[in-house]
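> Read off the chains here:
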Amino acid sequence: MSDEKKTGLHSPLRRKLLMGMAALPAISMLPRTSFAQAPATAAINTTGLAVTDTEVTVGILHSVTGTMAISETGSVQAEKLAIEQINAMGGVLGRKIKFIQEDGASDWPTFAEKAKKLLVNDKVAAIMGCWTSASRKAVLPVMEQYNGMLYYPTFYEGLEQSKNVIYTGQEATQQILAGLDWVAKEKKGKSFYLIGSDYIWPRTSMKIARKHIEGKLGGKVAGEEYFPLGHTQFNSVINKIKLTKPDVIYAAVVGGSNVAFYKQLKAAGIDLSKQTMLTISVTEDEIDGIGGENIAGAYACMKYFQSLDNPNNKEFVAAFKKMWGEKTVIGDVTQAAYLGPWLWKMTVEKAGSFDVDKIAAASAGIEFTKAPEGYVKIHPNHHLWSKARVGQAQLDGQFKVVFETPELIEPDPFPKGYQ
Amino acid sequence: MFGDYSIGDLGAIFAMQGFAGLILFSVYVLMALGLAIIFGQMGVINMAHGEFMILGAYVTWMTSGFFQSYLPSLFSGYFFVAMILAFIASGALGMLVEWGLIRHLYKRPLDTLLATWGLSLILQQAYRSVFGAREVGVELPSWMMGSKQVTDTIEVPINGIFVMCLTLAITMVVAWIMFKSRWGQQVRAVVQNRVMAGAVGINTEKVDRYTFGLGCGIAGIAGSAFTMIGSTGPTSGQLYIVDTFLVVVFGGAASLFGTIASAFTISQAQSTMEFFMSGSMAKVLTLLSIVAILMIRPQGLFALKVRK
Chain A
1 MSDEKKTGLH SPLRRKLLMG MAALPAISML PRTSFAQAPA TAAINTTGLA VTDTEVTVGI
61 LHSVTGTMAI SETGSVQAEK LAIEQINAMG GVLGRKIKFI QEDGASDWPT FAEKAKKLLV
121 NDKVAAIMGC WTSASRKAVL PVMEQYNGML YYPTFYEGLE QSKNVIYTGQ EATQQILAGL
181 DWVAKEKKGK SFYLIGSDYI WPRTSMKIAR KHIEGKLGGK VAGEEYFPLG HTQFNSVINK
241 IKLTKPDVIY AAVVGGSNVA FYKQLKAAGI DLSKQTMLTI SVTEDEIDGI GGENIAGAYA
301 CMKYFQSLDN PNNKEFVAAF KKMWGEKTVI GDVTQAAYLG PWLWKMTVEK AGSFDVDKIA
361 AASAGIEFTK APEGYVKIHP NHHLWSKARV GQAQLDGQFK VVFETPELIE PDPFPKGYQ
Chain B
1 MFGDYSIGDL GAIFAMQGFA GLILFSVYVL MALGLAIIFG QMGVINMAHG EFMILGAYVT
61 WMTSGFFQSY LPSLFSGYFF VAMILAFIAS GALGMLVEWG LIRHLYKRPL DTLLATWGLS
121 LILQQAYRSV FGAREVGVEL PSWMMGSKQV TDTIEVPING IFVMCLTLAI TMVVAWIMFK
181 SRWGQQVRAV VQNRVMAGAV GINTEKVDRY TFGLGCGIAG IAGSAFTMIG STGPTSGQLY
241 IVDTFLVVVF GGAASLFGTI ASAFTISQAQ STMEFFMSGS MAKVLTLLSI VAILMIRPQG
301 LFALKVRK
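Protein sequences, first through last, are from chains A and B. Note that full-length UniProt numbering gives residue 42 to position 42 of the first sequence, counting from 1, and the numbers run on in steps of one. Note that full-length UniProt numbering gives residue 27 to position 27 of the second sequence, counting from 1, and the numbers run on in steps of one.
These are calculated hints, taken from the structure and not from any lab test. Incorrect hints may have been included.
[Stated by the list, open to error] Calculated pairs, PhoX-like style, for lysine-lysine (alpha carbon to alpha carbon, straight line, at most 25 Å):
| # | chain 1 | residue 1 | chain 2 | residue 2 |
| --- | --- | --- | --- | --- |
| 1 | B | K148 | A | K242 |
| 2 | B | K206 | A | K242 |
| 3 | A | K220 | A | K163 |
| 4 | A | K358 | A | K98 |
| 5 | B | K283 | A | K274 |
| 6 | A | K185 | A | K207 |
| 7 | A | K163 | A | K211 |
| 8 | A | K137 | A | K207 |
| 9 | A | K207 | A | K220 |
| 10 | A | K188 | A | K274 |
| 11 | A | K327 | A | K163 |
| 12 | A | K327 | A | K245 |
| 13 | A | K187 | A | K98 |
| 14 | A | K245 | B | K206 |
| 15 | A | K207 | B | K148 |
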């Protein structure tokens, strides 16, 4: 770091000379092949990013303190794993990835400030980060103003598109519509009880769900409830659920509230093996806290489960556990976070440049065949083509996949008729 | 609003909501009792109260793990051991904190707010370093899960009954300690007039330490009980702190009876409103009415009559 800053003070010509001189003795020691692969820095980095002849710096921006640390820890772990694996394969355009990690501290202004710091001071070539929509919305203007590239891993409510962001999670329709179609067909679900935490993502998701239930599926909504973040008392709504006897409970409760919600459902005698429950907010991570015995039988609609049976995923799970411990679990967002560095690497190599504008333009059509979820492709709207899957929670805290869409679903962040 | 339900349904609704309100009431009392002792009796604003609860929750989690590994045959009874250990752990930490931090601040009550807030951050980070950032799942013995069927429509969760019994027991013990035991008399004497209490030979420092320890210990028991209904993570304690202060302040800080009355009022209001409107709206209305009542009665529902 300090070296880069020092050279930055000198004139560009002198900087190049110094670098060239420093590189001279190194060249003779490098194996021929890797030298041939690495193009000159000046050619692939015309905008002054933190790229040297041997290194490229990216930013990791997540909350490791505050209330979101529980969720974002997995994302950080996945991104570090991906970076390590890419480096082991020789890096990006012959350059090893170095990362600077910043803590958003679960505080949206802090996210914006740290994003600016990463882009302006550190000149990072890309940022992997954010989790909540609130943090992304805070970071977005910074990314656009300073022309950075953000790889955002969480499934989210859609209604957004930016040339400076690649959304590696699902947007709302990719998760909600497929799940509801499945539950209406397989579980004969006609009446739905919608329950969520009270902020933008659950509310937007429920709006789309309600339109789909009432418009396309011909079902009815028996109730719709929101509770403040961190709410821990669900007895009243559970009573209402018992009275209205919906075919399906459809839930988007987030964070620690989930633990309270499922424990109290279980305690109130609602047996999830009889009462159909479909959630879009519980992954293996949350089950760790909820306890498998409290949620066994519930269905979740995601694009990824740790139990996915394919060679890519087996490798990924093994590598993740090797790096972060046998007891760690991998949820949907963790996998989406893992995609970030890989998609960025492939885009950079396709563009033949680290320049953000060239990457933004080259992103469309990037395919990642080694994705743990199977295969993904970046759409021109910067979201991923992906499958939707329904898994049933098991006692051991894992999901058993009971359904997956046969085709990749085209991302549609601005769905017609659902707004 | 009522039109969608039949008379029979409405009867069941009020019975079930009344019971849900009672559970909420017990939870509030458990949360607030420890704080009421510390804040009400000692005037210390303990922002780390939630973290003392979570210490109790982590102790419960570790005890459950210990029983699963080494004493699986006794697992069904581990919870009682866990609660005692939680009381000891939180109480001991409380006394340590009183000795190291709080006793230097008795003359500056507002500074206790800052100091304990700092303490809460330190504790959160300590939990994160020791137990990890993710939530841990506390497994319960099977007899504590499920519910009792009373009528066709009315079902009573067993952990709710458990929390209610626990609250009743702890409240009675605390009431006995505070109003009947010799030590309780000393506590109340110190509260009313520290100098005079010292002059008649009460060791006020010792009283302070044990009072603080008792309050934190009860927080530990509450945390242990909340593993049944809530999450256990480094920052979970934050979920409780606002409600806890609300209950204590609304009740009139220095009165334990006021704490119980205010917990009852808030929980029943919240629970009844929750049924007929959305959860968030019920919360907003509860808060608004509390604000309104506190504007009329700033000292809370029940205040000690002290000559000013």
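> Does each hint hold? Answer for all of them.
We went through each hint and held it up to the structure:
1. B/K148 x A/K242: holds (14 Å)
2. B/K206 x A/K242: Judged against 25 Å, a Cα distance of about 52 Å means the pair is violated.
3. A/K220 x A/K163: Distance ~38 Å between A/K220 and A/K163 Cα, so the pair is violated.
4. A/K358 x A/K98: Holds: A/K358 and A/K98 sit about 21 Å apart, inside 25 Å.
5. B/K283 x A/K274: violated (31 Å)
6. A/K185 x A/K207: Status holds; Cα separation ~21 Å.
7. A/K163 x A/K211: violated (29 Å)
8. A/K137 x A/K207: holds (20 Å)
9. A/K207 x A/K220: Since the Cα atoms of A/K207 and A/K220 sit roughly 13 Å apart, the hinted pair holds (cutoff 25 Å).
10. A/K188 x A/K274: holds (13 Å)
11. A/K327 x A/K163: Answer violated: A/K327 to A/K163 is near 38 Å, above 25 Å.
12. A/K327 x A/K245: violated (38 Å)
13. A/K187 x A/K98: Not satisfied, since the Cα-Cα distance of roughly 49 Å exceeds 25 Å.
14. A/K245 x B/K206: Roughly 57 Å separates the two Cα atoms, so the pair is violated.
15. A/K207 x B/K148: Status violated; Cα separation ~36 Å.
Violated hints for the displayed structure, listed by number in ascending order: 2, 3, 5, 7, 11, 12, 13, 14 and 15.
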